[in-house]
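2 protein chains.
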Amino acid sequence: MKKNFSTYIDKLQSIISTQIKNLDNKAKFKIDNWKRKSGGGGLTMAIENGNVFEKGGVNISKVFGTLPKSMTKLLNTNSSDFFACGISLVLHPKNPMVPTFHANLRYFELYENNKLKDSWFGGGLDLTPYYIFEDDIIFFHNNCKIICDKFNSNYYQNFKKKCDAYFWNEHRNEARGVGGLFFDYCRETNENTIENWFSFITELGNNLMDIYLPIVTKRKDMNYNDQNIDWQQIRRGRYVEFNLIHDKGTLFGIKTKGRIESIMISMPPQAKWSYNLTPKKGSKEEKLIEILRTPKDWI
Amino acid sequence: MKKNFSTYIDKLQSIISTQIKNLDNKAKFKIDNWKRKSGGGGLTMAIENGNVFEKGGVNISKVFGTLPKSMTKLLNTNSSDFFACGISLVLHPKNPMVPTFHANLRYFELYENNKLKDSWFGGGLDLTPYYIFEDDIIFFHNNCKIICDKFNSNYYQNFKKKCDAYFWNEHRNEARGVGGLFFDYCRETNENTIENWFSFITELGNNLMDIYLPIVTKRKDMNYNDQNIDWQQIRRGRYVEFNLIHDKGTLFGIKTKGRIESIMISMPPQAKWSYNLTPKKGSKEEKLIEILRTPKDWI
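Residue numbers (our numbering), protein chains in the order written: chain E, 4 to 302; chain C, 4 to 302.
Hints in this document: simulated from the structure, not taken from any laboratory.
Owing to the predicted nature of the structure, the values given are computational and were not obtained by experimental measurement.
Please note that the accuracy of each hint is not assured.
Across the chosen pairs, the derived CB separations fall in these ranges [what the hints assert, rightly or not]:
hint	chain 1	residue 1	chain 2	residue 2	range
1	E	S286	C	G42	31 to 39 Å
2	E	D187	C	N79	30 to 38 Å
3	C	T220	E	T80	55 to 63 Å
4	E	N155	C	N79	44 to 52 Å
5	C	Q230	E	I292	47 to 55 Å
6	C	Q160	E	N25	55 to 63 Å
Rough simulated footprint, nothing fancy, chain C against chain E, three-plus residues with beta-carbon under 8 Å [said to hold, decoys possible]:
hint	region
7	49-63
8	240-246
All residues carry an ideal CB built from backbone N, CA and C; glycine is no exception.
Produce the complete structure using the sequences and hints provided.
Following this line, the structure appears as structure tokens:
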């Protein structure tokens, strides 16, 4: 499984980065192959200052070794020998009418005395708009549901709920964005083989760009003004807050001494903070906040 | 002591904010009186878009109640009834030749069965330049030392070391800035009464602006270009990373459900992230990084 998934994410990285480059039609990916001192490494592909994408990355990492105590605690395990690999994707578009997109697909193995003790898949995808276009959000969630339903009619509801719970900026009392799917510890059970999970994850992976890029294409040439950019940057500040305060992926990367520039690729190109900024009543900005305060069912 | 220090920080907030307003000569402070649901509150004074200061705040908070488990663990105590008050100050100047300044003076009490169990002072001040002017840093550290030496000839060395250790951006392997003083758990001991600590803290408080404002006055009208602003914003990104990933004050504020806009007042007005940015060899930007990698003795 380790080998299968590892091969799969390599291919996916190549396909996705090509699609992004073609749509952007200006920026090229910087490619960095990096090694991790205590085991493994990765391939980071970063894009900046494009026509469509202001900043983003498509990263692969495959790391192994010994987990630090803080991580074994977090995973609630005694096993500290691990292997983890995944593909991680963040795209910050230039136009504030285009939402930011994030996706991650990962596989984890734990060992005791060199024997496989536990293994699971995890991952998800979520959308972070600056302005609300309900059609886009419904399109996004509908496509998530279509993929989920191929496997289990409960997946969409479960993973949508988990996504809303995970991408919750507790200290702001609002969601990071309008959600999507989030799942973790997808293990072999009586009902599910690890191969089933592999099929589900790869089906998601194969469809990531078909779920997101149509939204980009639809909105990328819309007009916007300085005030829209200001709002985008304020909201990007919240994205930064989530990733640095709450995100377990960022924490895992930092604690396991991953390559910092690859971890921080999720940061937006620019962010703003303004003291106690409150959107005007009835404004489009206020509408966003209302939706982020109480996650909706989009289907 | 609770009453004495509480009265002292109120006065200090008023004096410091007046000095800042006078120097800035454009921006006025927004003043917000806030209450904390589970006990206490604060007075937040925020400044934005000034001639000299792009963003900053002088905050008082006085909070009490029950500590969440994560905080009793952090403080390594069984007592969970607490009182905490302090003044906190962050100034982000507009001109990238002027360093950012932060200071915090705080007092903490822990109770068991309504009896005072433990009490201590903590605090510090530190300087975060974007470009290195050694004169300014030496002036800053010299003044810190002069105040420390009035009380104990070991304080400066001890608290300077603690400052370098505390404001260390572990995940970047560099300091946040060029340090200053940091101290915590300053308790009554055989050598020191809590009144001695009060004298030390208030002496620091009385001199905060005399340590920092001369540097501002000296640098605020220097020329700068777009590249300097870009660098300032990249470095402000590191300031954000420190405050959201490592800073215990921010964590304490969030965990004890303080007023979020008052906690986040330390955020810079704008920050940038650029993938794997490395300053040119021999540049002023590279000089800053070199100094941040291996904290220097400035005296």
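Taking the hints in turn, this is what the structure says about them:
no.	hint	result
1	S286(E) / G42(C): 31 to 39 Å	holds, 35 Å
2	D187(E) / N79(C): 30 to 38 Å	holds, 31 Å
3	T220(C) / T80(E): 55 to 63 Å	holds, 57 Å
4	N155(E) / N79(C): 44 to 52 Å	holds, 46 Å
5	Q230(C) / I292(E): 47 to 55 Å	violated, 35 Å
6	Q160(C) / N25(E): 55 to 63 Å	holds, 59 Å
7	49-63	holds (count 4)
8	240-246	holds (count 3)
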